[in-house]
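2 protein chains.
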Amino acid sequence: MQRATTALLTADLKIAEEIISEDDAIDAMQHDIEARAINLMARQQPVAGDLRTLVTSLRMSADLERMGDLAHHVAKLTRMRYPSAAVPVELTATIQSMGDVAGKIIDKATHVIKTQDLKAAVELETDDDEMDRLHRQLFTILLDDSWSYGIETAIDLTLLGRYYERYADHAVSVSRRVYFLVTGKYA
Amino acid sequence: MQRATTALLTADLKIAEEIISEDDAIDAMQHDIEARAINLMARQQPVAGDLRTLVTSLRMSADLERMGDLAHHVAKLTRMRYPSAAVPVELTATIQSMGDVAGKIIDKATHVIKTQDLKAAVELETDDDEMDRLHRQLFTILLDDSWSYGIETAIDLTLLGRYYERYADHAVSVSRRVYFLVTGKYA
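These protein sequences, in sequence, are chains F and C.
Residues in the first sequence are numbered consecutively from 0, following numbering that gives the first Met the number 0.
Residues in the second sequence are numbered consecutively from 0, following numbering that gives the first Met the number 0.
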């Protein structure tokens with residue numbers, strides 16, 4: 000999503016195309032994880048903690064696959080508007096911030112998956128609040144009387160805002176699944 | 000989603016509030032399905048087909064839970080704009096059609112879950128094409144020079160269009176999972 004943001008804000012078709020083609024690799028990884036998880040369940044007959052871990056992996060892989068889709072959507076919009084930039088200058092800073100928060104969130108979610116760091120899992124909720132704040136800021140700018148880019152750009156930005164917001168939601172979901180796996184409680 | 004569409008198009012706050020509160024029940028059902036699936040896996044140690052069925056149930060429940068969220072989003076937008084109607088008259092027919100297709104799709108997906116009817120599973124792809132066509136029609140109307148409702152309504156309709164489109168996508172996803180479960184192949 001960080002690279003998709005760079006592609007979006009600089010109208011970089013090359014990066015956009017790379018992201019679009021990489022999405023297939025993420026989909027393939029998810030199918031592979033699913034097959035391996037089912038295989039492990041069938042052969043090892045895991046119980047209790049191990050079984051919950053495998054089920055959680057399935058759930059998390061679905062979230063992560065969806066996050067790939069959302070970066071892919073950002074890249075596709077970049078390509079659709081190329082050689083124009085899809086984001087007008089008034090909104091560049093807000094979208095850059097949403098991209099930065101998305102990057103921070105996926106880095107932290109990856110750390111939570113690797114280390115089961117519950118403190119970081121809880122912090123992710125605050126990062127998501129920051130994304131929500133930026134999302135509201137985006138709408139404030141779109142709805143300001145000085146908005147001069149018309150309906151098409153407003154539609155593009157509404158969809159972009161939604162992609163970033165959902166991206167953060169899925170990262171929070173991943174982190175909550177780890178929290179639940181470790182503690183047996185919802186954060 | 001059919002009831003959410005009625006609430007949306009008639010600015011019916013009572014129905015909207017019902018849908019908003021029912022979403023908790025869907026979330027609770029999903030947690031229950033997850034707990035029961037894990038319990039069955041742990042106690043019965045299912046293999047092969049039974050195991051795949053349980054994993055598919057987990058996946059489908061996530062799609063169905065998300066469909067509840069999307070109907071909930073439509074109802075919340077209805078409530079936010081009340082007592083005004085969120086949808087201008089020029090778009091009533093399109094949104095009504097999207098609601099009708101959503102209704103047809105969830106009925107068919109439910110039938111596919113119950114009966115594993117592969118013919119219906121394949122038909123769902125065509126129903127989804129109809130939703131995509133309506134979604135494009137929505138944008139055509141928003142982008143027409145005669146559009147006179149301004150940016151806020153365009154944002155509302157962009158989000159609504161996305162909710163209906165994603166609703167159909169999740170129903171297709173449910174149906175594809177059944178197809179894969181029965182045939183071992185992707186449709």
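One should not assume that every hint holds.
As the list claims (entries may be wrong) - SDA-like, lysine to any residue: derived pairs with alpha carbons at most 20 Å apart:
| no. | chain 1 | residue 1 | chain 2 | residue 2 |
| --- | --- | --- | --- | --- |
| 1 | F | Lys103 | F | Gly149 |
| 2 | C | Lys184 | F | Arg35 |
| 3 | F | Lys184 | C | Ser96 |
| 4 | C | Lys184 | F | Asp26 |
| 5 | F | Lys13 | F | Ala84 |
| 6 | F | Lys184 | C | Asn38 |
| 7 | C | Lys184 | F | Lys103 |
| 8 | C | Lys184 | F | Ala84 |
Quick caveat, the hints were computed from the structure, so don't treat them as lab data.
In this text the structure is predicted, and so the values were computed from the model without any measurement.
Okay, the hints, checked on the actual structure:
Taking the CA atoms of F:Lys103 and F:Gly149, the gap is about 32 Å. The hint is violated against a cut of 20 Å. A C-alpha spacing of about 17 Å is found between C:Lys184 and F:Arg35, which places the hinted pair at or below 20 Å, so the restraint holds. Of the supplied pair hints, the one linking F:Lys184 and C:Ser96 is violated, its CA atoms being roughly 42 Å apart against a limit of 20 Å. Between the alpha carbons of C:Lys184 and F:Asp26 the distance comes to roughly 16 Å, so the proposed pair stays at or under 20 Å and holds.
Between F:Lys13 and F:Ala84, the direct Cα distance comes to roughly 14 Å. Compliance with the 20 Å bound is thereby established for this hinted pair. For the hint linking F:Lys184 to C:Asn38, the alpha-carbon distance of about 17 Å falls within 20 Å, and the restraint holds. Taking the CA atoms of C:Lys184 and F:Lys103, the gap is about 38 Å. The hint is violated against a cut of 20 Å. The suggested pairing of C:Lys184 with F:Ala84 is violated, with an alpha-carbon distance near 41 Å, which exceeds 20 Å.
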